[in-house]
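Chains as they are written, first to last, in the working numbering: chain A, 286 to 538; chain B, 13 to 295; chain C, 2 to 308.
To be clear, the hints were calculated from the coordinates, so they are not data collected in a lab. Everything numeric in this text was worked out from a predicted model, so none of it was measured. Take the hints with a grain of salt, since some may be wrong.
Said to hold, decoys possible - Estimated spans, in silico, between C-beta atoms of each pair: (1) 99(C) to 70(B): 48 to 58 Å; (2) 8(C) to 343(A): 47 to 57 Å; (3) 8(C) to 36(B): 54 to 64 Å; (4) 38(C) to 70(B): 37 to 47 Å; (5) 436(A) to 235(C): 52 to 62 Å; (6) 287(B) to 501(A): 50 to 60 Å; (7) 200(B) to 133(C): 53 to 63 Å; (8) 257(B) to 280(C): 37 to 47 Å; (9) 113(B) to 536(A): 48 to 58 Å; (10) 141(C) to 50(B): 51 to 61 Å; (11) 431(A) to 137(C): 50 to 60 Å; (12) 201(C) to 116(B): 27 to 37 Å.
The beta-carbon is built from N, C-alpha and C at its ideal position, and this holds for glycine as well.
Below, each chain spelled out in residue letters.
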Amino acid sequence: MNDDPKISVRDFDFFYGAAKVLHGISLDIPARKVTALIGPSGCGKSTFIRSINRMNDIITDARGKGTILIDGTDVYGSDTDVVELRRRVGMVFQKSNPFPKSIYDNVAYGLRIGGMRNKRQLDDIIERSLTRAALWHEVKDRLHASALALSGGQQQRLCIARALAVDPEILLMDEPASALDPIATSKIEELIYELKDNYTIVIVTHNMQQAARVSDRTAFFMLGRLVEEGDKNTIFTNPKEKMTEDYVTGRFG
Amino acid sequence: MTANLRRRKIYSGIFETLCALAVVVALIPLAMILFYVIKEGFGALNLDFFLHMPKPVGESGGGMANAIAGTLILIGIAAAFAVPVGCLCGIHLSEYPGTKFSSIVRFAADVLNGVPSIVVGIFAYGILVLPVKRFSAIAGGVALGLLMIPIVVRTTEELLRLVPGGLREGALALGATRGRAVFSVIVPAALPGILTGILVALARVAGETAPLLFTAFNNRFWSTSLTQPIASLTVQVFTYAISPYDDWHRQAWAGAFLLVMMILALSILARLAVRRLERMNRS
Amino acid sequence: MTRSSDDRSFRIGTGAFAALVLLIVAGIAFELTRQSTLSIAKFGLKFWTTKVWDPVSGDFGALPFIWGTLYSSVLALLVATPIALGIAIFISELSPRMLRQPLAYLTELLAAIPSIVYGLWGIFVLVPIVRKVEIAMGAKPALGVGMLAAALILAVMVIPFTSSVAREILKNVPATQREAAYALGATRWEAIKVAIGFGRTGIIGAVMLGFGRALGETMAVTMVIGNSPQISASLFKPQYTMAAVIANEFTEAADELYLHALIEIGLLLFIITVGVNLLSRLLIWSTKRRAQTIVVIPVIVAEEVPA
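Throw the hints in and build the complete structure from the sequences for me.
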């Protein structure tokens with residue numbers, strides 16, 4: 286197995302206008318593992334994860350400084366194309382955001398804008414993506430029904446399938462289960478566990494039990510700084526920093 | 013970058029440029045209209061235009077004094093009729109927003125807003141001209157008022173709803189009756205906004221021509237009688253515009269200039285008031 | 002007087018004025034029908050399908066006016082819709098933030114200019130330009146006045162209505178929709194298409210609202226369309242519209258049948274515009290509702306800024 290980190294972040298700062306919201310983040314994210322970012326709300330973890338696929342570019346006045354390397358290539362480098370980058374780095378959001386189209390068309394969206402027209406090929410990939418997202422059996426008989434008719438948990442799995450369809454290497458998940466009930470949440474968590482064999486997963490969560498359940502490595506953010514990161518067990522049972530300990534034991538946050 | 017991606021990006025660039033172009037395309041007629049109205053109209057404007065009456069056909073000179081006065085009288089009648097009706101209706105809608113009656117009325121106001129002004133003119137003709145067999149300032153003013161009502165209703169309703177609920181409860185808790193609470197606390201709080209809505213409505217109807225053609229009709233002479241036909245800037249501009257005389261064309265432009273300035277002034281005033289309101293609400 | 006009875010008198014008092022609005026709309030429908038009975042009784046449905054308009058012999062058919070109204074409005078829509086949507090997209094999705102307000106204000110200024118001023122500009126500026134273009138194209142007839150001039154002026158007049166509603170619709174599309182597209186590797190235009198797709202019913206509503214405006218527009222059209230009741234697909238021939246014939250002939254209608262025929266045209270105009278407006282509002286309303294049922298979690302910058 287390759288020991289080089291999949292994502293390597295060095296001295297990364299982020300600004301919204303004049304406000305500096307991330308301060309010198311340095312972090313290595315290993316391939317084919319789940320890395321959880323935890324911390325109280327407003328700590329910058331969402332901003333950070335959205336910097337990896339440059340989702341923050343669509344906000345005016347937002348800019349990053351420093352380097353984020355994916356497989357050694359700088360995400361913010363001048364020869365990096367943001368459209369290509371985002372195809373390699375899939376993202377699932379806090380609230381499921383299916384398009385008001387059919388289930389099939391949702392999953393096909395990324396493929397179609399990428400120029401795929403072959404019906405057979407589309408069918409194959411859509412089935413595979415929905416299967417991977419553990420949704421196939423629930424929807425295979427109504428692929429052409431509206432995605433908005435699905436339950437909240439199903440919609441979120443559909444969004445995961447949609448992200449998987451374009452075959453990314455990295456999957457970013459920004460609190461993917463925060464709007465779901467416990468049963469739907471556990472399905473998503475199982476799914477994350479299965480997906481990590483094939484994808485590098487970065488997940489933001491403010492639910493510490495969830496981080497403890499799904500992650501291999503955990504990074505603790507606070508006030509825009511990375512306080513501590515390491516193996517999940519170390520962070521949750523034997524953290525180096527007092528602040529981390531206070532947080533994971535529920536003393537604040 | 014793959015060829016496919018390059019193509020998509022070019023495509024995106026083309027469409028983004030087309031959108032920017034659309035803005036330019038729409039601003040060209042705006043610029044042209046304002047340019048001609050200022051160029052032709054401002055030059056034709058003089059003191060006579062404001063103070064004198066129209067000259068008979070063929071004689072040059074003269075002004076639109078009667079039409080300017082007529083327009084002011086007409087929008088005065090319109091406001092006198094539409095403001096109380098519109099405001100009280102708006103107050104009702106905001107005080108009882110959920111009732112079936114309110115949703116029907118709201119719907120009717122929307123319908124009225126979409127009725128072509130010339131059709132409203134026919135209605136005013138039917139109820140105010142036909143029975144007395146005479147065109148009158150009243151009929152014209154009512155036609156304009158009917159066009160104002162839906163705008164006043166909706167702005168009043170929306171702005172009253174913005175008044176914090178605490179104010180109303182405060183007044184009611186002090187033992188005020190509902191009507192008292194509304195008129196002594198809620199309406200005053202929303203008053204600048206309501207006045208803005210009235211300004212916007214006035215700006216809209218001041219430029220109306222079609223509903224006046226067969227209600228207020230026109231009058232070559234000075235008249236302030238409400239039961240007689242009355243001249244208006246818009247109808248006068250129309251009459252002059254389709255006439256064959258150069259001097260009248262010049263006066264038509266002058267009239268258009270005056271109209272546009274009046275409407276711009278009203279709408280800028282309204283905009284400033286809105287901005288001030290927003291600032292007040294924010295602080 | 003007790004509190005509750007006072008409350009009731011307030012409710013009924015203001016309610017009476019609200020009822021007046023209902024009464025006005027019903028009154029318009031009633032008056033228009035009542036004042037066109039002679040024509041309705043004499044011509045029946047034939048009124049809508051025949052094209053003779055002869056006040057002297059008392060023979061009236063409204064088909065040329067209906068044709069002229071629909072044709073000019075559809076042409077206007079063809080020109081106005083892409084421009085209006087382009088403006089809406091530019092202002093809501095592409096323009097730098099500081100340009101948004103001024104551009105929105107300027108385009109809406111188009112709606113504030115009175116119809117009569119459009120008409121004046123049409124007669125003295127637009128028509129001569131159109132005439133030159135027609136001559137250059139070898140069009141016959143090359144009068145300047147006619148369908149083309151009317152459609153162009155109508156297009157300019159409806160642009161602000163369509164674009165401001167479309168802008169409102171786009172503003173209501175949740176940001177998460179665009180994010181979903183971007184995250185899948187969409188280009189900017191592809192993300193915009195997603196937003197348009199989300200708001201498509203409302204955007205159709207915006208276009209219909211513009212259509213309603215064009216149908217009822219009177220003065221500017223009257224001044225440039227040439228006012229000649231003929232049915233022709235020609236862009237260059239003078240034609241006539243429903244609103245224009247009412248404006249031009251109403252005060253000349255010497256006998257009652259003539260007047261009733263004109264008012265019947267007004268009645269149809271009323272019915273069509275009310276129908277078009279209702280449909281458009283329904284579409285706009287249903288889109289706004291959909292935008293609200295999908296809870297918008299805004300990408301609020303402040304939330305992430307540490308205190």
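Quick rundown of the hints versus the structure:
Take residue 99(C) and residue 70(B): their Cβ atoms lie about 54 Å apart, and the range 48 to 58 Å holds. The hint said 47 to 57 Å for the Cβ distance between residue 8(C) and residue 343(A), and at roughly 51 Å that hint holds. For the hinted restraint 54 to 64 Å between residue 8(C) and residue 36(B), the CB-CB distance of approximately 56 Å keeps it satisfied. Look at residue 38(C) against residue 70(B): about 44 Å separates their beta carbons, and that is inside 37 to 47 Å.
As the Cβ distance of residue 436(A) to residue 235(C) is approximately 58 Å, the hint placing it in 52 to 62 Å holds. The beta-carbon spacing between residue 287(B) and residue 501(A), approximately 54 Å, falls within the hinted interval of 50 to 60 Å. Separated by about 58 Å at the C-beta atoms, residue 200(B) and residue 133(C) satisfy the suggested range of 53 to 63 Å. Under the hint 37 to 47 Å, the C-beta atoms of residue 257(B) and residue 280(C), about 45 Å apart, fit the expected range.
Between residue 113(B) and residue 536(A) the beta carbons are some 57 Å apart, a value that agrees with the proposed interval 48 to 58 Å. Restraint check, residue 141(C) to residue 50(B): a C-beta distance of roughly 36 Å breaks the suggested window 51 to 61 Å. Checked against the given bound of 50 to 60 Å, the beta carbons of residue 431(A) and residue 137(C), roughly 52 Å apart, stay inside it. A beta carbon spacing of about 29 Å between residue 201(C) and residue 116(B) agrees with the range 27 to 37 Å that was offered as a hint.
Hint 10 from the earlier list is the only one contradicted by this structure; the remaining hints agree with it.
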